[in-house]
Amino acid sequence: MTNFHDTVPALADLAAFAWQEADILDRLDYKAWLKLWSDDGLYVVPVERNAADYADAVNVLYDDAAMREMRVKRLLSGFSMSSAPPARTVRTVSRFVETARSGDSVDIRAAQILVEYKYERHRVLAADVDYRIAMTPDGLKLARKVVTLVNSDDALHGIGYLL
Amino acid sequence: MQADAAAGAAHYGQLFEGDRADGAIYRDPGLFDAEMDRIFKQTWIWVAHVSELPSPNSFKTTHVGADPVIVTRDKKGEIHVLLNRCRHRAASVCEKKRGRQSVFVCPYHGWSYDPDGTLRKVSHNWGYDADFDPAQFPLISLRVEQYAGMIFATFNADAPPLAEHLGAARKWMDLFMKQGAGFGVKVLGQHSFRFPGNWKIQLENTTDAYHFPIVHKTFLDSLDEETENVFDVLGQGGWVEDLGNGHSVMVMIPSLIDLGEDLEAPIPERFAALAAELAAEGHDDLAVRRIVRAVGGTGFNLNLFPNVACSMAFFRVLRPIDVATTEVTHVAIGMEAAGDGAPSVTPANRARIRLHEHFQGPMGFGTPDDAEGWERVQRGVMAGDGVPILVNRGVAAPQGAAAPDHDAGDVSSEVGMRAAYRKWKEMMEQCA
Chain A
0 MTNFHDTVPA LADLAAFAWQ EADILDRLDY KAWLKLWSDD GLYVVPVERN
50 AADYADAVNV LYDDAAMREM RVKRLLSGFS MSSAPPARTV RTVSRFVETA
100 RSGDSVDIRA AQILVEYKYE RHRVLAADVD YRIAMTPDGL KLARKVVTLV
150 NSDDALHGIG YLL
Chain B
0 MQADAAAGAA HYGQLFEGDR ADGAIYRDPG LFDAEMDRIF KQTWIWVAHV
50 SELPSPNSFK TTHVGADPVI VTRDKKGEIH VLLNRCRHRA ASVCEKKRGR
100 QSVFVCPYHG WSYDPDGTLR KVSHNWGYDA DFDPAQFPLI SLRVEQYAGM
150 IFATFNADAP PLAEHLGAAR KWMDLFMKQG AGFGVKVLGQ HSFRFPGNWK
200 IQLENTTDAY HFPIVHKTFL DSLDEETENV FDVLGQGGWV EDLGNGHSVM
250 VMIPSLIDLG EDLEAPIPER FAALAAELAA EGHDDLAVRR IVRAVGGTGF
300 NLNLFPNVAC SMAFFRVLRP IDVATTEVTH VAIGMEAAGD GAPSVTPANR
350 ARIRLHEHFQ GPMGFGTPDD AEGWERVQRG VMAGDGVPIL VNRGVAAPQG
400 AAAPDHDAGD VSSEVGMRAA YRKWKEMMEQ CA
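Chains as they are written, first to last, in numbering that gives the first Met the number 0: chain A, 0 to 162; chain B, 0 to 431.
Keep in mind that the hints are not guaranteed to be accurate.
[Claimed, not checked] Subject to a maximum C-alpha distance of 30 Å in a straight line, what follows is the list of computed DSSO-like cross-link-like pairs (lysine-lysine):
id, chain 1, residue 1, chain 2, residue 2
1, B, 95, B, 422
2, B, 216, B, 74
3, B, 120, B, 170
4, B, 40, A, 117
5, A, 72, B, 216
6, A, 30, B, 75
7, A, 34, A, 140
8, A, 117, A, 30
9, A, 34, B, 216
10, B, 96, B, 75
11, B, 95, B, 75
12, B, 422, B, 40
[What the hints assert, rightly or not] Not the full set, but computed from the structure, chain B residues with beta-carbon under 10 Å of chain A:
id, residue
13, 143
14, 147
15, 374
16, 385
[Stated by the list, open to error] Here are some of the chain A residues that sit facing chain B, going by a computed Cβ distance under 7 Å:
id, residue
17, 57
18, 58
19, 76
20, 77
21, 78
22, 79
23, 154
Derived by calculation from the structure, the hints in this document are not laboratory data.
Quantities reported herein were computed from a predicted structural model and do not represent experimental measurements.
For glycine and all other residues, C-beta sits at the position ideal for the given N, C-alpha and C.
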């Protein structure tokens with residue numbers, strides 16, 4: 000990938016990065032996924048839709064680097080019955096809009112539509128995804144990803160893969 | 000369903016005998032309807048914790064069995080549980096999850112109700128005869144009682160008082176609330192999820208330590224050594240005890256029964272940073288120790304038949320949807336903020352929430368595997384007729400652990416399930 004540190008990424012570059020991540024997740028290539036993150040990156044799947052600070056709210060997940068590593072270890076361990084195997088997933092990410100920009104990062108918002116399949120049952124999970132993509136000497140990195148499911152504050156179901 | 004229908008509505012109670020149950024208890028839709036009538040319409044159902052109704056005019060919506068209700072606090076501070084159904088033509092009068100409002104207005108024809116259910120105003124009332132009396136048409140109220148901050152409601156005017164229904168479980172509710180560390184207990188937020196399985200599968204699971212090291216191996220593997228020892232639930236001399244009326248307690252970590260004791264013990268390494276943060280907030284040494292000891296919650300699960308459990312640091316709430324669908328809500332609880340100027344408990348509540356998220360919820364390190372296991376029960380029970388579900392596991396409880404007159408077994412025993420099913424059988428045999 001191009002080193003964007005000294006250049007300004009276009010929306011198309013950011014979309015390509017988000018698609019790369021989505022493809023990695025559908026393929027369960029979680030070790031590669033960990034490398035997409037900056038060390039201080041924060042991965043959140045909230046319950047509350049307008050929490051002032053996710054740190055003070057009960058979330059579906061609220062992962063720093065250490066929790067992401069543990070989560071990936073768990074999902075790949077073969078000992079988690081919801082993840083061995085997980086539901087198959089196919090996801091698309093689209094409707095990209097830039098929402099903020101600073102000297103070293105860009106925020107984009109997108110729509111994600113994911114279909115999972117297990118036990119002869121399809122389920123659809125729709126979500127708004129807010130990305131903060133950092134421009135670093137090592138290329139683009141995920142600095143923040145917040146996946147707000149359309150039904151985040153209602154009953155969900157056990158999810159054995161990553162959103 | 001082949002043999003299920005033959006069991007006959009009048010004989011549902013016979014589907015549990017002693018220490019085994021017929022698979023029909025998970026899969027017979029007729030039996031599910033009977034459960035809604037004979038259990039969920041007859042006994043005390045948990046609806047809220049008092050901290051969810053912090054001030055006059057606050058409310059939450061929930062269900063008692065299949066019936067949608069609003070739990071309100073009126074302007075005098077009294078709590079009411081009201082059917083969420085306009086007395087005119089049945090439209091729901093509130094579709095918010097929670098909030099504050101001093102009136103509930105039906106969106107269809109504008110009838111308005113006070114938080115105590117009183118019909119305040121009928122719009123365009125000139126269309127009714129003079130003898131039409133709005134006082135006769137309040138939102139329908141259920142009986143409401145509370146213990147230890149837990150609010151229960153029932154449709155049954157003849158149900159025994161809540162305190163009698165809870166009986167020996169009250170001691171454990173009091174112990175559970177000690178996790179407020181002297182600040183009081185407050186709801187912090189919740190996870191909710193559904194699984195394709197019968198509600199009793201989850202009821203059983205609350206006092207099932209047997210599954211823990213197997214289903215939750217990946218959770219245990221994610222812990223540091225010290226914490227992993229804490230969660231060695233089969234290896235600490237715990238027990239399961241029948242508390243009567245279908246209630247039971249499973250003690251997994253006997254050293255965490257009474258969080259007000261052992262305050263002089265060293266602060267565990269994993270909570271050292273939290274202890275420092277609390278000290279920096281201005282908490283004295285004793286307060287820091289009390290909070291840190293309480294932060295992980297209690298070392299037992301208390302199952303209150305039929306729909307709620309007090310588990311470590313959360314309430315587990317069951318909502319049966321249909322015979323093969325159940326909604327589970329995990330309500331995380333923390334410490335109530337002290338008054339203005341007092342040291343903050345926010346660091347403790349943040350720690351609580353992170354611990355909660357680690358195991359619980361749709362993407363926790365525990366819940367998805369539990370949910371998968373329960374679904375596998377529902378899938379498996381479709382196979383075969385007359386093949387019993389076994390809940391006969393258990394050797395004697397550690398000497399002196401349980402109350403002398405209570406049935407009890409070792410921590411991995413199925414005593415709690417048998418206790419629940421005995422009550423289930425008794426209620427299913429009554430004529431509703």
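* Failing hints, ascending? -> Violated hints (numbers, rising): 1, 2, 3, 4, 6, 13, 14, 16 and 20; every other hint is consistent with the structure.
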